[in-house]
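Engineer: Line by line, the protein sequences are chains A and B. The opening position of the first sequence corresponds to residue 1 in full-length UniProt numbering, with each subsequent residue numbered one higher. The opening position of the second sequence corresponds to residue 1 in full-length UniProt numbering, with each subsequent residue numbered one higher.
Bear in mind the hints are in silico, worked out from the structure with no lab data behind them. Glycine included, each C-beta is placed from N, C-alpha and C at the ideal position. Incorrect hints may have been included.
What the hints assert, rightly or not - Computed far set for chain B versus chain A, every beta-carbon distance over 10 Å:
| id | residue |
| --- | --- |
| 1 | SER104 |
| 2 | VAL437 |
| 3 | GLY587 |
Unchecked claim - In the DMTMM-like style, the derived pairs of lysine to aspartate or glutamate whose C-alpha atoms are separated by at most 20 Å in a straight line are:
| id | chain 1 | residue 1 | chain 2 | residue 2 |
| --- | --- | --- | --- | --- |
| 4 | A | LYS564 | B | ASP65 |
| 5 | A | LYS398 | A | GLU540 |
| 6 | B | LYS564 | A | GLU540 |
| 7 | B | LYS564 | A | ASP452 |
| 8 | A | LYS546 | B | ASP458 |
| 9 | A | LYS564 | B | ASP458 |
| 10 | A | LYS564 | B | GLU540 |
| 11 | A | LYS546 | B | ASP452 |
| 12 | A | LYS564 | B | ASP452 |
| 13 | B | LYS546 | A | ASP452 |
Number of protein chains: 2
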Amino acid sequence: MLVHKIEQHWNQQVAGSIAAVSSSLYVGKAGPMVHTCACIASILGQGGSRKYKLTCAWLRYFKNDRDRRDLVTCGAGAGMAAAFRAPVGGVLFALECVSSWWRSALLWRAFFTTAVVAVVLRVLINICRSGKCGLFGKGGLIMFDVTSEDVPYHLVDLTLVVLLGVIGGIFGSLYNFLLDKVLRFYTLIHQKGHVYKFLLAASVSIFTSCCLFGLPWLASCKPCPAGLAEACPSIGRSGNFKKFQCAPGHYNDLASLFFNTNDDAIRNLYSLNTDTVFQKSSVFLFLVTTYFLSIISYGLALPSGLFVPVILSGATLGRLTGILMGSHATLNNGLFAVIGSASLLSGTMRMTVSVCVIMLELTNNLLLLPLLMLVSLISKTVADAFTANIYDLIVKLKGLPYLESHAEPYMRQLTVGDVVGGPLQVFNSVEKVGNIVHVLKATGHHGFPVVDEPPISDSPVLLGLILRSHLLVLLKKKQFVHTRAISSIDTTKEFSADDFAKRGSGKNELIDAIELTAEEMNMYVDLHQFMNTSPYTVVETMSLAKALMLFREVGLRHLLVIPKSTSGMPIVGILTRHDFMPEHILGLHPCILKNKWKKLRFGRLSMVKIFNDLRDWFKK
Amino acid sequence: MLVHKIEQHWNQQVAGSIAAVSSSLYVGKAGPMVHTCACIASILGQGGSRKYKLTCAWLRYFKNDRDRRDLVTCGAGAGMAAAFRAPVGGVLFALECVSSWWRSALLWRAFFTTAVVAVVLRVLINICRSGKCGLFGKGGLIMFDVTSEDVPYHLVDLTLVVLLGVIGGIFGSLYNFLLDKVLRFYTLIHQKGHVYKFLLAASVSIFTSCCLFGLPWLASCKPCPAGLAEACPSIGRSGNFKKFQCAPGHYNDLASLFFNTNDDAIRNLYSLNTDTVFQKSSVFLFLVTTYFLSIISYGLALPSGLFVPVILSGATLGRLTGILMGSHATLNNGLFAVIGSASLLSGTMRMTVSVCVIMLELTNNLLLLPLLMLVSLISKTVADAFTANIYDLIVKLKGLPYLESHAEPYMRQLTVGDVVGGPLQVFNSVEKVGNIVHVLKATGHHGFPVVDEPPISDSPVLLGLILRSHLLVLLKKKQFVHTRAISSIDTTKEFSADDFAKRGSGKNELIDAIELTAEEMNMYVDLHQFMNTSPYTVVETMSLAKALMLFREVGLRHLLVIPKSTSGMPIVGILTRHDFMPEHILGLHPCILKNKWKKLRFGRLSMVKIFNDLRDWFKK
């Protein structure tokens, strides 16, 4: 559904993301990677890019709406798979978050894409094992390995995990709430101009740096634990025991967290058997800093993702819970951090299956799966009670017409006829060129019903639907006839399938660009061969909720509304995605807004009834 | 879609499955477990079982088509999760195989179900760790642990994996082909009576036993390898080194495979660093035996699954490939066995994502994931070229009206009007009781259009659709009126929502059971309050392929066909699932069958064209 917003700025994405992540800002790389891959997929789906000389005759087979949408879905999955080296997680992310419409063929295509990602990653890792690629070769296929022989947990741990789920849900919904507010504020600033954008990004960046360098002074030095395999205090740029201002043989635990990349900080927090390495106060300070810095860093004028910061904050939250519980819990603090990450991820993004699989693929600890599943379900349920999922909030903020998968309760009370409106433009099957040009110039509609009326047919009859883009192709080719009669010549031979293929975004023909003489304007064009003769239709008395189901499940762009009574015009109107938007419907029927509260009260009443039923049942 | 075939024989399933698996027949336990869980879910979905006194007022909230279908999907996922201790695999199995219609809410409900399964399993395993539960406590959450620090593989191994994928695909499609033939043969025998059923099962069982005891004599004894942790030859009933007929200090490797449960045999084949334990000839013999025994064991009159036998045969196939490659391959033979299982599973069941995740959860070796993904994709692609997926074959064999998710090419050439037919029964909005009774007795239709004609309305108008089950409720309650006029009394008060709730299978009211007096037969019933006033409709000129999309994606049972011309009857007919079945369509239009071949030839021509394109492109 977001296809039309994806433009060809993937190269900026890559450069910007590298800069943003390496500047230690609390932004993720998963988001830009998903975006980049989706952009590349979208470019493939529009037949390559002529600007970059990346065209290929083959790609024209994908030049249609469905293949392009599928490609973007697969691309997003591939991006996720690459970001976290989690191929199955990538598929599930594409399924749970990206795609609003799913087919079984798409499932295995997405799987194929991520399989290729996994094999390529694996080969590159193998090549880089020799150490020629800098830091790239360091990690294996598993980013944060917390494999353990056995994960013992008792009933008290289960309670703690449930508690962590609730906390994660509350913090997750708070995260969404704050992020929404911050993004709204940033949008206001961004509207003022490029200088303001730059200043905002610069000031957040400077503030982040100040926090990173200033806060570790607050932590007290700890003596190095005895019997360590690695050097303490650590030497070189990556290491778990940063010396900072401490005396030799001591380390600053807060600096260990702040002076690493986000990935290394997560690895430190996840590491097993390090329960005594971090102090309570340091972890708390780190939690507050990452939580708020990640909220103010997202939405700056740079490519930023949410996954890594949320995983980091969640890990800190989990670790803090583990430390606070101390000896009450049998679970390792490192595992608490893993569970905390899953909890906060589910609380903000509201994915369940993908979060679990991604966490599983990140940490390679299958024994933790039952706990991960439990915590993400609880967190999602708690968070759903407060705010919507973060993606929905952002989509809403951007004003994109996103169709919810479920119908609002008030849609059941309305019929399709209640929302369809506006002057309807129809064409005859053999239409005057001048008339078409006039209508195309006057309106921005993308589809027009084709209707024949009595002089031509016996009674008014709906023939089909013609797309604006196809009309433009017809006008450009100038295959016109002189009389208003169905021509016997097969004009389709003059066109190739490629003429009607979907154009890339921004590459659409414009009506103003087509020059027609006065003589041509008086000629006719036969639409019979070029219209969609079986558009989906609904009767005007159809419930709006059911029409939404049809629109959404079949993945439509236009839905024709036909009248109930069998006399008069054979079409009432066209429904597009915009007609199903709550804003549009509530604008037409403001009284619903009041009834909505009545509905809610009714909902509460029925809740009371259910509780009574439950009580009766227990009494039995 | 299979809901109506699921009956309440889950207790038989459990007992039968335990007997079948413990009798060493080559049948799986996953199938019966999925079946059992789906049955239990179905019982919950019909408001509990009155026969077993398992009713509960609460369950009536699920007494509708959608919730019941969702429950069955979740149940199937839970069964899979329990059988393989693979919660995420269970969700994906439900997604990829069971459900033909998917919502995001269903995804997380299925996930919740399997999370509960995982937690319960984990708790039971913990309780049983003390050893009180016999063999149950032996395994952990991971059934066949093949964790390894590192999985090195080189280019030659990738080639071998691709080869194994091709072999798995060929063997998988052959499996489906043979199984289909065997099942057809068994169906003929089963029709002869219960005695034949019993004799068939008994003879296969005896034949299996003969193979199990006879074949190990063919294998030569091997001396026990030095430096083993476990006893050799093994003592007691489970063990990897069976003595059989061998001298002390020797073991029979074929007996080690045959004289174990299927699970233990799989574990033996998967075990790492045992490359020299099994001889080439023994593994080959075991492969042939399991492959064919599993084919003839499925479809006997006992609850049987396919997963475990296919995993076992696949593991043997992989192991054999590993042994044959000898020192050419760097991959361990145990890992070859794992990859072989994935290959044969994908080749028969044609699942990709679920196979990979299930194998991952079974073996806990995340590093193997890229290879597993590669092999299952290749295997599926190869096998798809030969036969359909095993479930489709079985569904087709049972004659269930299963709607494919894609439209056949010839459906594009047909319109809805071409397939709709038969005498159409319609009711008026206020209909005579006698007429309703007559129609219900004469036909077996489940839905009837409600139409008003000129005396009552101005022009013929389609009002909605009424279900047979709802008509029966109306007839039973006898809320009749004396005149053919719209009654002003609100008759809905006489009914509760529960009256119209979906009945359990086989619990439907029968028209013959309702007794009506002659006086009542002459009265009228007002259908206005009880019909579905917004049924989905299509125009008769709609392409059949598009109507199928609507039917399948929205999950319909009835689709009304309305006429294109606006005079005369406002309805042409009703489409049900049966009208979309290829058999029905080809029966109506036999000429398509001939054209189908033409279509195929055309398909080949376009393939040639694509190859030419490709050649030109390379020349550039």
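Engineer: The structure should be examined with respect to each hint, and the outcome stated for every one.
Structural biologist: Tested hints:
1. At roughly 6 Å from the closest C-beta of chain A, the C-beta of SER104/B falls inside 10 Å, breaking its exclusion from the interface.
2. At the 10 Å boundary, the C-beta of VAL437/B stays outside the reach of chain A, the nearest C-beta of that chain being 29 Å off.
3. Taking the minimum C-beta to C-beta distance to chain A, about 23 Å, the non-interface status of GLY587/B holds against the 10 Å cut.
4. Distance check on the hinted pair: LYS564/A and ASP65/B sit about 28 Å apart at the alpha-carbon level, beyond 20 Å; violated.
5. The hinted pair formed by LYS398/A and GLU540/A fails the criterion: a straight-line CA distance of about 32 Å is larger than 20 Å.
6. Between the alpha carbons of LYS564/B and GLU540/A the distance comes to roughly 15 Å, so the proposed pair stays at or under 20 Å and holds.
7. Between LYS564/B and ASP452/A the alpha-carbon distance is near 12 Å, which keeps this suggested pair within the 20 Å criterion.
8. Restraint check for LYS546/A and ASP458/B: not satisfied, since their Cα atoms lie roughly 27 Å apart, outside the 20 Å limit.
9. Distance hint between LYS564/A and ASP458/B is fulfilled; the C-alpha atoms sit about 12 Å from each other, no more than 20 Å.
10. Proximity of LYS564/A to GLU540/B is assessed by CA-CA distance (about 16 Å); at most 20 Å being required, the pair is judged to hold.
11. For the hint pairing LYS546/A with ASP452/B, the CA-to-CA distance comes to about 23 Å; that exceeds 20 Å, so the pair is violated.
12. Distance hint between LYS564/A and ASP452/B is fulfilled; the C-alpha atoms sit about 12 Å from each other, no more than 20 Å.
13. A threshold of 20 Å between alpha carbons decides the hint, and for LYS546/B with ASP452/A the separation of about 23 Å lies outside it, so the pair is violated.
Taken one by one, the earlier hints fail for this structure at numbers 1, 4, 5, 8, 11, 13, listed in ascending order.
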